[in-house]
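Given next are the chains, with one letter for each unit.
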Amino acid sequence: MTGPAPGTTRPAGGEVPGWTADEMMTVAASRALRNGAVCFVGIGLPSTAANLARRTHAPELVLVYESGTLGAKPDYLPLSIGDGILADTADSVITVPEVFNYWLQSGRVDVGFLSAAQLDRYANINTTVVGDDYAHPRVRLPGAGGAPEIAASCREVIVVVRQNPRTFVDRVDFRTSVGFGGGPGDRGRLGLRGAGPRMVITDLGVLEPDPHTCELRLTRVHPGATVAQAVAATGWPLTVTDDVTETDPPSPAELTVLRELEANKGQTGGRS
Amino acid sequence: MTGPAPGTTRPAGGEVPGWTADEMMTVAASRALRNGAVCFVGIGLPSTAANLARRTHAPELVLVYESGTLGAKPDYLPLSIGDGILADTADSVITVPEVFNYWLQSGRVDVGFLSAAQLDRYANINTTVVGDDYAHPRVRLPGAGGAPEIAASCREVIVVVRQNPRTFVDRVDFRTSVGFGGGPGDRGRLGLRGAGPRMVITDLGVLEPDPHTCELRLTRVHPGATVAQAVAATGWPLTVTDDVTETDPPSPAELTVLRELEANKGQTGGRS
Amino acid sequence: MAEIVPLGQAVAELVGDGDTVALEGFTHLIPFAAGHEIIRQGRRDLTLVRMTPDVIYDQLIGMGCARRLVFSWGGNPGVGSLHRFRDAVEHGWPVPLELEEHSHAGMANRYVAGASGLPFAVLRGYVGTDLVEQTPNIKPIACPFTGEVLTAVPALVPDVTVVHAQRADRAGNVQMWGITGVQKEAVLAARRALVTVEEIVDELDARPGAVVLPSWALSHVSPVPGGSHPSYAQGYSVRDNDFYIAWDKISRDRESFLAWMAEHVLQAAGREIR
Amino acid sequence: MAEIVPLGQAVAELVGDGDTVALEGFTHLIPFAAGHEIIRQGRRDLTLVRMTPDVIYDQLIGMGCARRLVFSWGGNPGVGSLHRFRDAVEHGWPVPLELEEHSHAGMANRYVAGASGLPFAVLRGYVGTDLVEQTPNIKPIACPFTGEVLTAVPALVPDVTVVHAQRADRAGNVQMWGITGVQKEAVLAARRALVTVEEIVDELDARPGAVVLPSWALSHVSPVPGGSHPSYAQGYSVRDNDFYIAWDKISRDRESFLAWMAEHVLQAAGREIR
Numbered sequence: 015m016t017g018p019a020p021g022t023t024r025p026a027g028g029e030v031p032g033w034t035a036d037e038m039m040t041v042a043a044s045r046a047l048r049n050g051a052v053c054f055v056g057i058g059l060p061s062t063a064a065n066l067a068r069r070t071h072a073p074e075l076v077l078v079y080e081s082g083t084l085g086a087k088p089d090y091l092p093l094s095i096g097d098g099i100l101a102d103t104a105d106s107v108i109t110v111p112e113v114f115n116y117w118l119q120s121g122r123v124d125v126g127f128l129s130a131a132q133l134d135r136y137a138n139i140n141t142t143v144v145g146d147d148y149a150h151p152r153v154r155l156p157g158a159g160g161a162p163e164i165a166a167s168c169r170e171v172i173v174v175v176r177q178n179p180r181t182f183v184d185r186v187d188f189r190t191s192v193g194f195g196g197g198p199g200d201r202g203r204l205g206l207r208g209a210g211p212r213m214v215i216t217d218l219g220v221l222e223p224d225p226h227t228c229e230l231r232l233t234r235v236h237p238g239a240t241v242a243q244a245v246a247a248t249g250w251p252l253t254v255t256d257d258v259t260e261t262d263p264p265s266p267a268e269l270t271v272l273r274e275l276e277a278n279k280g281q282t283g284g285r286s
Numbered sequence: 015m016t017g018p019a020p021g022t023t024r025p026a027g028g029e030v031p032g033w034t035a036d037e038m039m040t041v042a043a044s045r046a047l048r049n050g051a052v053c054f055v056g057i058g059l060p061s062t063a064a065n066l067a068r069r070t071h072a073p074e075l076v077l078v079y080e081s082g083t084l085g086a087k088p089d090y091l092p093l094s095i096g097d098g099i100l101a102d103t104a105d106s107v108i109t110v111p112e113v114f115n116y117w118l119q120s121g122r123v124d125v126g127f128l129s130a131a132q133l134d135r136y137a138n139i140n141t142t143v144v145g146d147d148y149a150h151p152r153v154r155l156p157g158a159g160g161a162p163e164i165a166a167s168c169r170e171v172i173v174v175v176r177q178n179p180r181t182f183v184d185r186v187d188f189r190t191s192v193g194f195g196g197g198p199g200d201r202g203r204l205g206l207r208g209a210g211p212r213m214v215i216t217d218l219g220v221l222e223p224d225p226h227t228c229e230l231r232l233t234r235v236h237p238g239a240t241v242a243q244a245v246a247a248t249g250w251p252l253t254v255t256d257d258v259t260e261t262d263p264p265s266p267a268e269l270t271v272l273r274e275l276e277a278n279k280g281q282t283g284g285r286s
Numbered sequence: 038m039a040e041i042v043p044l045g046q047a048v049a050e051l052v053g054d055g056d057t058v059a060l061e062g063f064t065h066l067i068p069f070a071a072g073h074e075i076i077r078q079g080r081r082d083l084t085l086v087r088m089t090p091d092v093i094y095d096q097l098i099g100m101g102c103a104r105r106l107v108f109s110w111g112g113n114p115g116v117g118s119l120h121r122f123r124d125a126v127e128h129g130w131p132v133p134l135e136l137e138e139h140s141h142a143g144m145a146n147r148y149v150a151g152a153s154g155l156p157f158a159v160l161r162g163y164v165g166t167d168l169v170e171q172t173p174n175i176k177p178i179a180c181p182f183t184g185e186v187l188t189a190v191p192a193l194v195p196d197v198t199v200v201h202a203q204r205a206d207r208a209g210n211v212q213m214w215g216i217t218g219v220q221k222e223a224v225l226a227a228r229r230a231l232v233t234v235e236e237i238v239d240e241l242d243a244r245p246g247a248v249v250l251p252s253w254a255l256s257h258v259s260p261v262p263g264g265s266h267p268s269y270a271q272g273y274s275v276r277d278n279d280f281y282i283a284w285d286k287i288s289r290d291r292e293s294f295l296a297w298m299a300e301h302v303l304q305a306a307g308r309e310i311r
Numbered sequence: 038m039a040e041i042v043p044l045g046q047a048v049a050e051l052v053g054d055g056d057t058v059a060l061e062g063f064t065h066l067i068p069f070a071a072g073h074e075i076i077r078q079g080r081r082d083l084t085l086v087r088m089t090p091d092v093i094y095d096q097l098i099g100m101g102c103a104r105r106l107v108f109s110w111g112g113n114p115g116v117g118s119l120h121r122f123r124d125a126v127e128h129g130w131p132v133p134l135e136l137e138e139h140s141h142a143g144m145a146n147r148y149v150a151g152a153s154g155l156p157f158a159v160l161r162g163y164v165g166t167d168l169v170e171q172t173p174n175i176k177p178i179a180c181p182f183t184g185e186v187l188t189a190v191p192a193l194v195p196d197v198t199v200v201h202a203q204r205a206d207r208a209g210n211v212q213m214w215g216i217t218g219v220q221k222e223a224v225l226a227a228r229r230a231l232v233t234v235e236e237i238v239d240e241l242d243a244r245p246g247a248v249v250l251p252s253w254a255l256s257h258v259s260p261v262p263g264g265s266h267p268s269y270a271q272g273y274s275v276r277d278n279d280f281y282i283a284w285d286k287i288s289r290d291r292e293s294f295l296a297w298m299a300e301h302v303l304q305a306a307g308r309e310i311r
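Quick note, the sequences are listed as chains A, B, C and D, same order. Add 14 to a position in the first sequence, counting from 1, and you land on the number used in the numbering used here. Add 14 to a position in the second sequence, counting from 1, and you land on the number used in the numbering used here. Add 37 to a position in the third sequence, counting from 1, and you land on the number used in the numbering used here. Add 37 to a position in the fourth sequence, counting from 1, and you land on the number used in the numbering used here.
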């Protein structure tokens with residue numbers, strides 16, 4: 015796992031008939047994956063997005079789950095990172111140390127998905143504790159999991175997270191995974207080999223780092239959401255690009271596949 | 015491989031009817047293996063001795079070949095460390111890095127067999143070059159193979175080598191593997207975790223380290239060989255214990271099994 | 038050579054108060070039954086080690102068996118938080134829980150170092166994160182050849198590692214397949230190792246993807262059919278996802294947790310939950 | 038994704054003069070045919086890397102392809118010396134051969150570091166041996182936690198690694214089984230990788246002990262039935278032990294060696310020795 019488990023879907027700010035905000039978020043994430051890419055996926059939305067992509071525009075997408083399955087091709091959505099369907103359909107099942115050393119650390123993974131409990135303007139991520147005192151946290155979160163090294167070693171990272179002021183904060187209480195650190199040049203100084211976050215996909219739109227300042231800027235809003243909503247949902251003065259575009263709505267094909275995937279989630283789970 | 019490849023058998027100093035000196039050497043080596051021990055074996059005489067032991071007094075002997083076969087139970091003597099029969103009969107086939115890291119380095123192996131091109135009174139071993147100038151050797155030998163770490167990490171080491179002044183030298187030209195280094199305490203100072211050489215089995219007899227000085231002393235002679243021969247075959251003033259005993263001759267059972275093993279060596283090799 | 042003994046005896050002989058214990062498993066093959074036996078035997082002050090502490094660790098923590106947790110991700114996979122874990126960290130109930138926190142890559146390499154007889158492991162990790170300040174067990178190390186600075190973490194050497202596998206032969210050689218995670222490393226890193234298995238068979242015929250743990254590398258093997266429930270054993274059972282979801286409600290409240298444990302674990306010696 | 042191309046094209050595209058080349062194999066699955074193709078294409082100044090350089094390296098060295106050898110054991114397994122290797126080291130024929138010499142444990146860990154994207158590996162090794170003085174690539178390193186001093190060796194990162202495997206599917210995913218030695222690490226450590234296979238199949242059905250190298254981790258795959266002869270490919274051929282014995286006589290003498298190479302390798306493009 016690479017962050018807190020996902021909650022349930024909720025409608026976007028402006029109720030839009032036809033699909034939920036989470037469906038839009040998942041579709042946007044799936045579109046961000048090019049065919050043939052090697053993708054490191056955790057359970058939840060990233061796994062859904064990757065499997066949606068594999069069934070639509072990216073049939074050659076290579077899924078790597080940190081449980082040790084290389085090239086898994088699950089025919090239903092696994093409910094856990096170690097679901098048997100992943101081993102059954104993988105090109106190769108390897109050990110956990112091998113996943114992290116031979117495949118992730120070596121720089122062989124193109125895209126890593128991360129989620130966040132807190133995220134700042136440089137896309138630094140907190141999945142450890144909420145509150146200023148680590149020893150006495152207000153909320154104890156699951157912790158780092160694979161995230162710090164995914165953030166460090168994947169060629170690029172895509173963050174998928176719902177946008178609200180509790181999550182989009184001016185300063186993360188704990189830096190579990192590094193985005194752009196304190197700004198330009200920091201990744202290089204830290205010796206991180208991947209390029210870092212390429213985009214942050216939320217239920218309202220898409221944020222992308224400014225190539226010069228590395229600060230996240232709103233570049234897209236989803237249908238039914240507004241720039242004003244995105245700004246209001248962000249705990250720092252959010253920069254908005256002059257040419258904010260609107261995300262193409264989910265296509266009927268995307269929605270059909272996505273809903274079929276959700277309907278058959280964890281198919282055999284607990285039905286022994 | 016852990017040393018130079020074995021040559022062919024030759025009769026002992028005094029010709030003894032009934033068995034060859036190499037047969038006596040192999041039988042003596044096999045007797046040194048207790049049932050249930052985990053044994054790291056190279057090809058040649060050590061492999062023969064270990065398989066003889068498994069068929070006589072030590073049916074539970076665990077054979078580990080550095081090619082990555084744990085618990086191999088070959089039904090004929092392999093001609094190479096990577097013979098298919100080893101993989102076919104192993105409890106587990108693992109990678110070479112795993113053999114050396116998880117099994118040897120971790121201290122899980124009881125007995126390691128080594129051979130030598132040169133050996134000194136502290137059982138330090140040379141399998142690298144003959145001659146004083148490494149860059150321009152008189153004879154270039156195969157090199158270290160697994161020997162340095164076998165010598166370092168096995169709980170104990172048994173050296174099997176033919177005894178003559180060219181091999182049993184006052185000073186090895188190159189120290190490939192450490193026996194007792196310069197004498198008492200050296201293994202500890204070097205951080206070597208195994209106890210080091212327990213015995214050196216030759217075609218003439220058996221040498222064992224003095225518990226105080228660590229220097230090899232002649233403790234046994236094989237039937238047909240004499241103390242005088244052993245002393246003459248040693249390039250340093252060989253200490254002889256007061257109570258030198260004579261090795262029990264190979265039993266008919268040992269000889270039968272050994273010869274059957276030799277007769278069927280590498281059975282399927284090249285017979286495709 | 039491993040001895041094949043009943044679970045109760047194996048835990049009694051191998052797990053003591055204050056021990057460092059790793060019950061490993063990566064969603065698959067989690068040794069729940071062994072964890073329940075540790076709870077029944079009332080072990081205390083354990084240092085629990087695990088990459089992904091989940092429901093069985095929530096139970097051990099909630100029953101007050103643990104003083105310390107060394108981990109990298111603590112949650113109820115696909116469901117949410119571990120409420121007993123959170124209660125221990127946030128409110129010290131039933132006893133305070135010290136944390137030593139790592140990343141998956143760091144934990145995996147710490148087991149590898151332990152299995153390899155090395156005092157530490159080297160990785161590209163942790164750099165720039167706040168994890169570094171929270172433990173002395175993450176340090177920089179320079180490459181003697183390039184000068185590049187990487188990260189070192191100390192070897193993990195549990196007093197006991199417990200894993201669950203599909204089967205063993207009568208000599209105590211263990212075979213597991215499917216997702217085997219970091220179990221081999223965790224077993225080889227430990228001073229003592231217990232493997233619970235679905236069944237004992239005459240012959241371990243070769244299987245694709247099978248990992249074999251030789252008997253001579255193990256302490257005890259205990260036959261415990263269904264011993265990984267609600268986790269699963271590929272080829273024997275499927276994951277009881279409904280239980281993981283139900284656990285969220287059971288564990289939210291201290292009383293309902295204690296009542297559930299009393300009924301399903303403390304009074305369940307011999308018969309395991311299904 | 039790996040391209041499936043003929044051996045000649047694969048070697049021409051992947052192996053250049055002066056490259057560091059590892060043709061790995063541990064008695065089993067040694068890529069002889071690829072080595073012969075490198076000889077036919079007249080590559081020079083290669084740095085050859087291998088744990089156990091055997092007959093194919095004797096041939097590459099004797100034909101003057103190599104300037105340098107990085108290795109841990111050089112011999113004709115079960116037979117004796119490598120005469121061309123010795124002639125190059127002892128008399129500089131046909132060209133001098135620089136040596137960088139390690140132990141098996143050191144070489145294996147150097148490949149592991151290369152495959153892991155680390156600049157070095159740590160092991161308990163070499164201490165007290167004369168190997169340490171012969172290369173700058175063996176250095177002490179202290180544990181940052183215990184202070185214990187261990188040994189570091191730099192990562193091996195070949196320009197090209199070549200291995201032989203049983204089969205590949207049409208997408209270029211490779212499957213090998215039996216003794217697979219250090220081949221996976223050698224492939225993942227390299228900048229480019231070539232795998233020769235006994236056959237291309239539609240489907241790689243799961244097999245006990247099978248190791249899969251995904252197509253996306255490889256450069257080229259070349260079908261070369263019998264491409265490991267006189268070594269063997271488990272399930273396809275057995276080791277030609279008679280050839281290894283015969284090689285001792287063929288290679289003893291420079292002229293007989295050259296004559297044999299001319300007849301069986303140089304003039305054998307397309308058809309491989311049987």
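Among the clues, some could well be false.
Stated by the list, open to error - Computed list of lysine-lysine pairs in DSSO-like fashion (alpha-carbon distance at most 27 Å, straight line):
id, chain 1, residue 1, chain 2, residue 2
1, C, 286, A, 279
2, D, 286, B, 279
3, A, 87, A, 279
4, C, 176, D, 286
5, B, 279, B, 87
Said to hold, decoys possible - Here are a few chain D residues that face chain A, going by a calculated C-beta distance under 8 Å:
id, residue
6, 153
7, 154
8, 210
9, 225
10, 245
11, 249
12, 251
13, 253
14, 254
These aren't lab readings, by the way, just hints derived from the structure by calculation. Don't be surprised by glycine CBs; every beta carbon is placed ideally from N, CA and C.
Quick rundown of the hints versus the structure:
1. About 21 Å separates the Cα atoms of residue 286 (chain C) and residue 279 (chain A), which keeps this hinted pair within 27 Å; it holds.
2. Annotation: proposed proximity of residue 286 (chain D) to residue 279 (chain B) holds, straight-line Cα distance about 21 Å (limit 27 Å).
3. Among the hinted pairs, residue 87 (chain A) with residue 279 (chain A) is consistent with the structure: their alpha-carbon atoms are about 14 Å apart, no more than 27 Å.
4. With a C-alpha separation of about 56 Å, the suggested pair residue 176 (chain C) and residue 286 (chain D) falls outside the 27 Å cut-off, and the hint is violated.
5. Of the pairs offered as hints, the one joining residue 279 (chain B) and residue 87 (chain B) holds, with about 14 Å between alpha carbons and a cut-off of 27 Å not exceeded.
6. Taking 8 Å as the C-beta contact cut-off toward chain A, the hint placing residue 153 (chain D) at the interface holds, the least distance being around 4 Å.
7. Here the hint on residue 154 (chain D) is kept, as its CB sits about 4 Å from the closest CB of chain A, short of 8 Å.
8. For residue 210 (chain D), the shortest C-beta to C-beta distance to chain A is roughly 6 Å, which falls under 8 Å, so the interface hint holds.
9. For residue 225 (chain D), the interface hint holds, since its Cβ comes within 8 Å of a Cβ in chain A; the closest pair sits about 5 Å apart.
10. Because the smallest distance between the Cβ of residue 245 (chain D) and any Cβ of chain A comes to about 13 Å, over 8 Å, the interface hint for this residue is violated.
11. Interface restraint check: residue 249 (chain D) against chain A, minimum CB-CB distance 4 Å, threshold 8 Å, status holds.
12. Interface hint status for residue 251 (chain D): upheld, as the beta-carbon distance to the closest one in chain A is roughly 5 Å, under 8 Å.
13. Look at residue 253 (chain D): its Cβ gets to within about 6 Å of chain A, closer than 8 Å, so that hint holds up.
14. Proximity of residue 254 (chain D) to chain A holds as hinted, the smallest CB-CB distance being about 7 Å (cut-off 8 Å).
Hint compliance for this structure: hints 4 and 10 are broken, all remaining hints hold.
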